[in-house]
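Protein chains: 2
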Amino acid sequence: MSQERFVTSITRQSEDFSAWYTDVVRKAELADYSPVRGCMVIRPYGYALWEHTRDALDGMIKETGHSNVYFPLFIPKSLLDKEAEHVEGFNPQVAWVTHAGGKELDEPLAVRPTSEAIIAATVRDWIHSYRDLPLLMNLWNNVVRWEMRTRLFLRTTEFLWQEGHTFHATEQEALEETDRMLDVYRRLCDEWLAIPVTSGRKTESEKFPGAVTTLAIEAMMRDRRALQSGTSHHLGQNFTRAEGIEFLDRDNLRKNPWGTSWGLSTRIVGATIMAHGDDDGLVLPPRVAPYQVVVVPIWRREEDRVAVAGAVETVLAALRSTPDGRAVRVHVDWRDDVSPGFKYSHWELRGVPLRIEIGPRDVAAGQAVVVRRVDRVKEAAPLAALPAEIPARLERYQADLFERAARFRAANTHAADDYDTFRRVIEEEGGFVMAHWCGAAACEKRINEETGATIRVIPFDAPADPGRCLIDGGAATDRVLFARAY
Amino acid sequence: MSQERFVTSITRQSEDFSAWYTDVVRKAELADYSPVRGCMVIRPYGYALWEHTRDALDGMIKETGHSNVYFPLFIPKSLLDKEAEHVEGFNPQVAWVTHAGGKELDEPLAVRPTSEAIIAATVRDWIHSYRDLPLLMNLWNNVVRWEMRTRLFLRTTEFLWQEGHTFHATEQEALEETDRMLDVYRRLCDEWLAIPVTSGRKTESEKFPGAVTTLAIEAMMRDRRALQSGTSHHLGQNFTRAEGIEFLDRDNLRKNPWGTSWGLSTRIVGATIMAHGDDDGLVLPPRVAPYQVVVVPIWRREEDRVAVAGAVETVLAALRSTPDGRAVRVHVDWRDDVSPGFKYSHWELRGVPLRIEIGPRDVAAGQAVVVRRVDRVKEAAPLAALPAEIPARLERYQADLFERAARFRAANTHAADDYDTFRRVIEEEGGFVMAHWCGAAACEKRINEETGATIRVIPFDAPADPGRCLIDGGAATDRVLFARAY
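Keeping their order, the protein sequence lines are chains A and B. When we follow our numbering, the leftmost residue of the first sequence carries the number 1, and every step to the right adds one. When we follow our numbering, the leftmost residue of the second sequence carries the number 1, and every step to the right adds one.
The shape of chain A in the complex, shown without the other chains (with noise of 0.2 Å):
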């Protein structure tokens, strides 16, 4: 019975985005729904996105000197109720435990929608003195927030993540401390998810509550949105004054330790997917692809399935260790019941970035064809040479799939200095729109109300830049991004 009917089509992305991105999430098998409201199923391909992504960011957690840990689901209401701004945030959010074997709970158990202010109660009991300090942890779990609107990976209302929450001696070094986890979220974009993000400061109207300033790293996806892909608050003393958290300092003063606290989610997997894809499906950076290369074995004949084995036999071992001791991820597509073409897109709408087409001609010539998922770039090469040289064109392919992303980023970023400008820009062309902004609430709830567009970050690196405000026309020393975003 051939498959052949399976083969699947996918919305175009320049027809509708948000389509494609539905249809690329279910028949690529990244995620399904799931029979409960706003959860999401993770298949094996998407987990293994999520996995590699994962892997990446813990080792640079703990490259950074932190230690795993692991803090209770839940929250009784009691604790969740003590810092002010943080429950008036989350609590309309919030699911509840009220039963449990078989009676009704006497206190009602939060499920954590984030977890400050169970830990800030537990550490409560391990600070003691400046010695006990930094205090740098950080979990991979699940949180719930129960959430209106729901998309695969995006929005969804269970959520999988890592939360870091350290505790300091000063608010200088709290204040290095969320600079420097920012700059790992940067740099997790960067050097593998091959995206291009611009890292700043929230304003007061957008930053988490309970915080006292949330920086953020913003990225441009290709229906030129934003998509927020990562946040380091710096909690000042907030949540520790709420639980009365003291130390002794060197200088035998009581204080209240200062807190950060930074969270990065199965979020970014749906910004890998809509900041590369393109209208076959997926386009993946090669440091974070469930595979790498993909071999399709090209045979009519009995005795050329032979030939096109071996050969592909030796290309796999020498790629599975290659002379650098790094592994190349790569599957072999076997399958007998299906053509080559159907395999091509097969592989193609899952974004594998090298295929392999290995046939009894190019046996007999010694040498495979590769074909760059990106561009559909296709070179022949010996296959003798492709265990030194795939590894290469992985990295070339990674370097490639950023450039090409900053590239359209800068393409699709615009400054407005009058409202007019701004508005036709966000309604028409869409992408980050660097403008000035006075800092009144009132200026940003206006913009928002009237165009949709949000202010994403005040970048770090801005220029100098000085101008009048887009609405009251008050000075500002430089621009803000603002963009439409997820």
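Honestly, I wouldn't trust all of these hints.
To be verified - Here are the computed lysine-lysine pairs in the PhoX-like style, where the Cα-Cα straight-line distance is at most 25 Å: (1) Lys103/A / Lys82/B; (2) Lys207/A / Lys27/A; (3) Lys445/B / Lys207/B; (4) Lys77/B / Lys77/A; (5) Lys62/A / Lys27/B.
Honestly, the hints are just simulated from the structure, not real lab data. The structure displayed is predicted, hence computed values, not measured ones.
Since the structure of chain A is provided, determine the placement of chain B on it from the hints.
Positioned in the frame of chain A, the structure of chain B alone reads:
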């Protein structure tokens, strides 16, 4: 300020095993109680131990062809209710979310106690033909079972685990999978945790709610009690029939697939602690120990410190990249406010397999002193030889730990041919008792009620050894394993 006042004393194992266990877990900073009833906080040292165990198991699960996936935390009540035995077994332990997003839910959501029900409901859409089988999945997640009496790692309301779920076209394949994964657990215990286990089948009264048969591995703790360390279930068609999952087989008949599930949890950390620990604290198997080696530099004068530091740095660099490419996990304890003796106790409590002491006289002699945690055997070794020797010593240590546990188990496994002897052994000596049982639930129940012992498993490899049931004298072909258990 000296930290010597924090020198920890723990209850002696022989005095009160249970108090010893809690002392070790808390004072070695593996885990602690949390503000949430029955839930624990896993601290950095405990989480690192879990990570090494988890990564080893994850590798074996992938090698045997399984893919990691994720399914939702919540299970709608109607789904959990579909398989009768399953719901009856788990309902008393379920925690229910009844309110979320500021409203009462139309249908309560169970916080997953295990995921058979939601997985069966989801894969119905994925399985159509025998070509879609086998479906081999694994999940790393958290589950909640409302427990009355909890103990850190051993029995907590929330715990971390992996749950494997597979679907097969034939019963034979499902049975083979059930065996294969039990054997993966046995290998994890043997090769990584240095714990010898007994593999076998559970009796009807001890099997998983919803399973046709449950297999388990049982380990002996140092108080001679048994600890069930992993289970593998043949689910038959119980869940697939309840969910109406069907596939079209090669013979053109529509059938329900056969299922398996298998799980291993953070409980295994408790097993590692209790299988090897002694009066001074943890004794960790090198392959999963957070630190395999601790270096304690010894100095009084600054010039000595400099000389010692030079030697330590050389050893450290070599150990972190040994000739055969295996990095040793080393920690150097440079604290200057506690004595070497304090450090010895500190790391003995934490079970680090090897301690390297280096003082100025050692440096002058070009040597270091290496001390084994388990038996305190102390040996001088040339500094230059350490990089090559330490990995070999760690391997020998790992093997010694397994041998020691195997000898302990052998010395504490008894045969009993009549009920009086059986009761005396269980009550006075403890350990495993091999005895005859006719297979009747009534006999099993009476033994349990009168002695506290349960049938841990009907071992796979028991030699034919016919005899008469301890209780009713009924015929039995071989012996089963009785013990008091955690």
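Consistency of the hints with the structure:
Simply put, Lys103/A and Lys82/B have alpha-carbon atoms about 22 Å apart, close enough for the 25 Å limit, and the pair holds. With a C-alpha separation of about 36 Å, the suggested pairing of Lys207/A with Lys27/A is violated against the 25 Å cut-off. For a cut-off of 25 Å, the pair hint linking Lys445/B to Lys207/B stands: about 14 Å separates their Cα positions. Pair hint Lys77/B plus Lys77/A holds up; C-alpha atoms about 24 Å apart against a cutoff of 25 Å.
Of the supplied pair hints, the one linking Lys62/A and Lys27/B holds, its CA atoms being roughly 24 Å apart against a limit of 25 Å.
In this structure, only the earlier hint numbered 2 is contradicted, and the remaining ones agree with it.
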